[in-house]
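Student: Residues per chain, in single letters:
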Amino acid sequence: MIPAAFDYHAPESLSDALALLDQHGEDAKVLAGGMSLLPMLKIRLAQVGHLVDIGRIPGLEYAKEEGGFLKIGAATKEAALERSDLIRSKYPILLDTAAVIADPLVRNRATVGGNLAHGDPANDHPATMLALGASVVVRGPKGERAIPVDQFFRGLFTTALASNEILTEIRIPVPPARSGGAYLKLERKVGDFATAGAAAQVTLGAGGAIEKAGIGLTNAGPTPIKAVEAEKFLAGKRPDDQTLQEAGRLAARAASPSPDRRGAADYKREMARVLTVRALKAAIRRAGGPS
Amino acid sequence: MGSEIPIAVTVNGVRHQRSVEPRLLLSDFLRHDLQLTGTHVGCEHGVCGVCTVLLDGEAVRSCLMFAVQADGGEILTVEGLATGNGDDLHPLQRAFRDAHALQCGFCTPGLLMTLVPFLREHPNPGDPEIREALSGNLCRCTGYQNIVEAVKAAARP
Ligand SMILES: Cc1cc2nc3c(=O)[nH]c(=O)nc-3n(C[C@H](O)[C@H](O)[C@H](O)COP(=O)(O)OP(=O)(O)OC[C@H]3O[C@@H](n4cnc5c(N)ncnc54)[C@H](O)[C@@H]3O)c2cc1C
Ligand code: FES
Ligand code: FES
Chain A
98 MIPAAFDYHA PESLSDALAL LDQHGEDAKV LAGGMSLLPM LKIRLAQVGH
148 LVDIGRIPGL EYAKEEGGFL KIGAATKEAA LERSDLIRSK YPILLDTAAV
198 IADPLVRNRA TVGGNLAHGD PANDHPATML ALGASVVVRG PKGERAIPVD
248 QFFRGLFTTA LASNEILTEI RIPVPPARSG GAYLKLERKV GDFATAGAAA
298 QVTLGAGGAI EKAGIGLTNA GPTPIKAVEA EKFLAGKRPD DQTLQEAGRL
348 AARAASPSPD RRGAADYKRE MARVLTVRAL KAAIRRAGGP S
Chain B
173 MGSEIPIAVT VNGVRHQRSV EPRLLLSDFL RHDLQLTGTH VGCEHGVCGV
223 CTVLLDGEAV RSCLMFAVQA DGGEILTVEG LATGNGDDLH PLQRAFRDAH
273 ALQCGFCTPG LLMTLVPFLR EHPNPGDPEI REALSGNLCR CTGYQNIVEA
323 VKAAARP
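These protein sequences, in sequence, are chains A and B.
Position one of the first sequence corresponds to residue 98 (this note's numbering), numbered consecutively onward.
Position one of the second sequence corresponds to residue 173 (this note's numbering), numbered consecutively onward.
Isolated chain A, as found in the complex (with noise of 0.2 Å):
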């Protein structure tokens, strides 16, 4: 499995690869962990005449807090995530993403910022950056923009991003006092794809209720779903049973799957009802609350 000849370049500034990327347009590709792409290129379901590979360049790696957000470098591979002692400590949801994530051999290669720009719904970063109301900040040859990542994915492999664009980091909002999150992933075996995958996040009040609730989903159609109705329902009540069961199945609602060989349509969708309540519940046990 060889892929078609292309140019690759190894630009060492974020400058030199947006010109790179500007010069060829459409036929040049950000080529970073490889993980996606090198797959694509070998089974020739994508074909480039230029890789433009951003992995010699320095300053996109990190996960810090500034200004209000977590700011995640869009090169940080998948194993320094799972390292960093912020993560592990303050955001339990990106280190419960991260551990699903394939295998630690891929871990040790794959980028944030490529699970996010490749566009698969399969891919499991996309669900959880839903649920925390991430921003993605993008560089071209105008200068930068952020985009919220729900309107990010515009189809399947299809994203916001420009051909002359870069990803460069990840924003997600610092999240306030007694907020918690979680994502819970259903596969076959270590490595795979996600059946379903359910991202929450919950921010609770102070008399217990939740004031805010973000869900993703992960592989429950043809991109990353936001789950808005169930979020949306969740605003101002209280977390019991009820309540939860009723989001996920709003939240199911919003999912339309396809058949394949991890399960039928309608497995996937109960699934995805099922991942959210429990997401819900964890996201909620960890905010501090109750269940």
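Keep in mind that the hints were calculated from the coordinates and are not lab data.
Be a bit skeptical, because a hint or two may be false.
Ranges of calculated distance between the beta carbons of each label pair, as one might list FRET restraints [to be verified]:
#1 A:Ala-361 x B:His-217: 35 to 45 Å
#2 B:Gln-317 x A:Gln-342: 49 to 59 Å
#3 A:Ser-186 x B:Val-186: 36 to 46 Å
#4 B:Phe-278 x A:Ala-102: 56 to 66 Å
#5 A:Gly-152 x B:Arg-292: 21 to 31 Å
#6 A:Ala-143 x B:Thr-209: 25 to 35 Å
#7 A:Arg-185 x B:Arg-312: 33 to 43 Å
#8 A:Leu-253 x B:Phe-278: 30 to 40 Å
#9 A:Lys-286 x B:Arg-269: 21 to 31 Å
#10 B:Pro-295 x A:Gln-342: 40 to 50 Å
#11 B:Ser-175 x A:Leu-111: 19 to 29 Å
Virtual Cβ for every residue (Gly too), placed ideally from N, Cα, C.
Given chain A, put chain B with the ligands in place with the hints provided.
Tutor: Positioned in the frame of chain A, the structure of chain B with the ligands alone reads:
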């Protein structure tokens, strides 16, 4: 298109300079250009783990990398584990032999290269950690049990 690029890599302590096509996989570079056939190739799309090597100390799948991406890097393959004339096996290799952690041996190079850095970071691992660490490596023969035993034996010799 696809014009060759000069690269320099250090493999098992030996520096190699070659001119390669960008689409040449690191696994094929090691096996064909450098004749280091200890690194195996199975699925060739990132699932089985037999092609695992260390790049700058970290376990990576050489079938999911282009050789040009490794330019300037330091690579360790299974051939680099034993010392002496290859007679002095690495402790993990000895443990694999002693615990019957291989039958046909096809998966062994990938498992060893996955587990060497793992043992460095987890000097005293438990079963769940070991199983998680080798979750990216398929073995069709052993049922994994003896592999887990070998890792424990290597950790507590
Ligand atoms: C065996 C196997 C199992 C896997 N299982 C899972 C899984 O369970 N869950 C999961 O989420 N993922 C899984 N993956 C995918 C893996 O996590 C991918 O590596 C990841 O989704 C993409 O990250 P990357 O850095 O490797 O990107 P690449 O493969 O390098 O790039 C992917 C795409 O994104 C673009 N891109 C990358 N970075 C940028 C950027 N900064 N700016 C603009 N465009 C960019 C590229 O041009 C390309 O189109 C698996 C992969 C393998 C090989
Ligand atoms: S040959 Fe590389 S993972 Fe199977
Ligand atoms: S020993 Fe035969 S595949 Fe593992």
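Student: Against the range 21 to 31 Å, how does the distance between the Cβ atoms of Gly-152 of chain A and Arg-292 of chain B compare: consistent or not?
Tutor: holds (23 Å)
Student: 19 to 29 Å was suggested as the range; check whether the CB atoms of Ser-175 of chain B and Leu-111 of chain A agree with it.
Tutor: holds (24 Å)
Student: Tell me if the beta carbons of Arg-185 of chain A and Arg-312 of chain B are separated by a distance inside 33 to 43 Å.
Tutor: holds (35 Å)
Student: The hint says 36 to 46 Å between Ser-186 of chain A and Val-186 of chain B; measuring C-beta to C-beta, is that right?
Tutor: holds (43 Å)
Student: Taking the Cβ atom of Gln-317 of chain B and the Cβ atom of Gln-342 of chain A, is their distance within the range 49 to 59 Å?
Tutor: Given a distance of about 41 Å, which is not inside 49 to 59 Å, the answer is violated.
Student: Phe-278 of chain B and Ala-102 of chain A, beta-carbon distance inside 56 to 66 Å?
Tutor: Between Phe-278 of chain B and Ala-102 of chain A, where Cβ atoms are some 30 Å apart, the hint is violated.
Student: That 30 to 40 Å hint for Leu-253 of chain A and Phe-278 of chain B (C-beta), does it hold up?
Tutor: Holds - the Cβ-Cβ distance for Leu-253 of chain A and Phe-278 of chain B, about 36 Å, lies within 30 to 40 Å.
Student: May I ask you to test the hint 21 to 31 Å on the CB atoms belonging to Lys-286 of chain A and Arg-269 of chain B?
Tutor: holds (28 Å)
Student: Could you see if the CB distance from Ala-361 of chain A to His-217 of chain B stays within 35 to 45 Å?
Tutor: Roughly 26 Å apart at Cβ, these two residues miss the hinted range, so it is violated.
Student: Given a hint of 40 to 50 Å, does the C-beta separation of Pro-295 of chain B and Gln-342 of chain A actually sit inside it?
Tutor: holds (46 Å)
Student: Is the hinted range of 25 to 35 Å satisfied by the C-beta distance from Ala-143 of chain A to Thr-209 of chain B?
Tutor: holds (29 Å)
Consistency note: the structure conflicts with the earlier hints numbered 1, 2, 4.
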